[in-house]
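In case you want the letters, here they are:
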Amino acid sequence: MNITEDYIASLAPNASAVTNGKKISKTGGFVSLHKSPDSTLYYGECSGSGKSLYSTSVDFIDEASPVCRCSCPSRQIPCKHAVGLLFEILSGKTFEEGEVPEDIAKKREKKANAEEKKKERESKPSKPNKTTAVNKMKKQLEGLEIVEKFVDEVITRGISSVMGTGLATYLELAKDLGNYYLIEPQNIILNILYTMKKGAKEPEKTNELVLKDIIKLHSIVKKGKEFLKDKIEKKELPAEDDAFLEMIGFTWKLTQLKELGLYRENAELVQLSFDVSYIDSRSEFLDEGIWIDLQTGEISKTENHRPTRAMNYIKEEDSFFDVACVPELCIYPGDSNRRVRWDKFVPRNLTKDDIMKIIDFASTDIQAVIKNVKNCIKNPLSTDSVVSLVRYDKFVRDDKNVYIVCGDTYIATDVSENMLKKIPSAECAVTELYIQDGKICANVLSVVTDKNIIRLKY
Amino acid sequence: MNIFDLQERLHNSAFVGAGIIGEDFRLKKAIDEFGEISSKNAVFTKIYQLVKPLNDDSTEDKKKILLDAITFVDAVCATLAVTAKPEETTEIEQNAEDNVVMLRRSEVGAVITALTTGGSGRYQIVKNAYESESKVFEDYRVREYLYNGIFDQYSEMGILCGEIFVKKFGKKAVEFLKKDFDKKGRTESVRKLQAISFAGAEENDFYKSLASDSETSASVRCAAVNAMRCDRENRSFLEALSEEKIPATLATEIKYTFAFWKRQEEEEKKKQAENK
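In the order they appear, the protein sequences are chains A and B.
The first sequence begins at 1 in my numbering and counts up by one.
The second sequence begins at 1 in my numbering and counts up by one.
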């Protein structure tokens, strides 16, 4: 098992668990260290704040999904002691050989049985209840009628009418949409209300943002009603390879994606960029990773939503500098930068060959990239930006902006000149292209040199 | 009239409300004028067919038409987006070595957020990172934000960033701060000088040159005198300076400096007596 600090950080629930785990390892918190003869189990006893020592173990019987256990009272998994044990392995401490403790052997058996049962369940094609699905769709259709009324009212009375007395009423309406399984329209309405509330000082900009959301809602209603009516009439299930389904409240399970063939085996992914943003209207953090598939060159993203009310229970994602070897990669429907998810992975070091592969995947035809971006963005139900890997010649500046130059094409970027001066010249750049005031603009997320991926974000 | 003008008019109608679209003479005019160029291509013809009913009083559901028209026109405008064409540009040189230090977000995120946003609590985050001798400040991105932090609106934060910048990166940082130093400047130059002052007596000549230069702004001169507190040998220089015709603020700063040294000397004497 190739354990790196990066890998430990990817297993840890948050940054403080890594810091504390490292501290435990450095200060000699472990009084005994053992491993099984086949090196699949590492265990030890760690001193803590309690009277008795904590029994901590990390089980690599399934390398792609290690199990961390500890007798401490922490509810975090893995706890700082298990993270500490991983740091003990990383730092090359001596682990005495010992038998697998009885309780762990039992837990292993129990887990193996559960895995087998899960596999059995997954091998059988799921038989969803058609009546339930149709009833759900009827409810969604009812919800879309409410959304349509909202759009009609706002557009008839004018966007500024949302403020004032309308605000409280619409907030109630948005909350009610949860009962109609319409998560995305609910989020869009909440975003409209939040934008209006916050944007009083810049009415023009606010109006434009709100109108964009209104157009999105209008498109969802238009397409959604047609789609749901058709499905209800034919009594069909909505499980299709169509990203639009998420817009009307459909959430994908990994098993469903697999059933639709939206998965790949033995994929190798490299993270190109990572960032965390806070979405005020939803009161949640979004951890977003941008990844490149080393076999296909496809750029995809991972999303991890962490509502503030559940912060302590949801693992925080982080930057990842190794290669993630994913046995089963599930891919969400969509056009560009499709969302991906995986349950298990094994890390390996990023090599020079990997970097060269990434550089080879970079597009040399910036016009084709821009065309693709335009095609994607023109769809109101699509994202506002597309991440692409492009070859570039240089960065230049005029008195207003910094530009990335690809052949004869100049694209205005948000990157700071001083930051660029601190990094070496590179072969290609990971750019997030978007349209602002009729101009193609770019956020430069990272650059790729022949030795490294240098991140301008995280 | 072009498609972007039409887009603007349609958006405006949505802002003020489709309920009064019949009274929107600007939109009416825009649609009529767009009609004149609509035969140019099939897309424009389609747009005109879409927006034409908005000018017709007998049209019933104008809000739906307005929304459909905006959706379509916005999509067309997106395909017409262009890249920039700057006139005079300068190339940004990227000569740094390949071994740039990059840490994970979990390691640097809190400090970068503290350095790039407002609000309370951020000073303590940066201070804790500095005091715990964390490797955060080795990250090339943090270095950049740290430099910008010297000019933070919250002066204590600015001084802390200056201290970290100079103490972590030594002479290189001082040279960087001294490069293009604007002696006639105000807050920005003062902050730079406050940061340089963490290099102590090594930069004494620089402080002296600024303090004695009548062309230097009063605030920078005051900061230079303040920086000279690092060395009591500067007393004679400051005494001579106070004899000259200098701004009142500078004279006060010199007095404060003498008072500071006096207190320092008294404390030292007290300590010596205690040790005996």
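A portion of the hints provided could be inaccurate.
Some chain B residues well away from chain A (every beta-carbon gap over 10 angstroms; in silico) [what the hints assert, rightly or not]:
id, residue
1, 1
2, 83
3, 88
4, 209
5, 267
Lysine-lysine pairs mimicking DSBU-like chemistry, simulated, CA-CA at most 35 angstroms apart [what the hints assert, rightly or not]:
id, chain 1, residue 1, chain 2, residue 2
6, A, 201, B, 135
7, A, 201, B, 64
8, A, 127, A, 201
9, B, 276, A, 205
10, A, 301, B, 85
Worth flagging that the hints you see were computed from the coordinates, not collected in a lab.
The structure displayed is predicted, hence computed values, not measured ones.
We treat Cβ as the ideally placed atom computed from N, Cα and C, and that holds for glycine.
Going down the list of hints, with the structure as the test:
1. 1: 16 angstroms, holds
2. 83: 5 angstroms, violated
3. 88: 6 angstroms, violated
4. 209: 27 angstroms, holds
5. 267: The assertion about residue 267 (chain B) holds, with a minimum of 37 angstroms to chain A.
6. A:201 - B:135: 40 angstroms, violated
7. A:201 - B:64: 29 angstroms, holds
8. A:127 - A:201: 53 angstroms, violated
9. B:276 - A:205: Roughly 72 angstroms separates the two Cα atoms, so the pair is violated.
10. A:301 - B:85: Distance ~31 angstroms between residue 301 (chain A) and residue 85 (chain B) Cα, so the pair holds.
Violation of the numbered hints given earlier is confined to hints 2, 3, 6, 8, 9; the remaining hints are satisfied by the structure.
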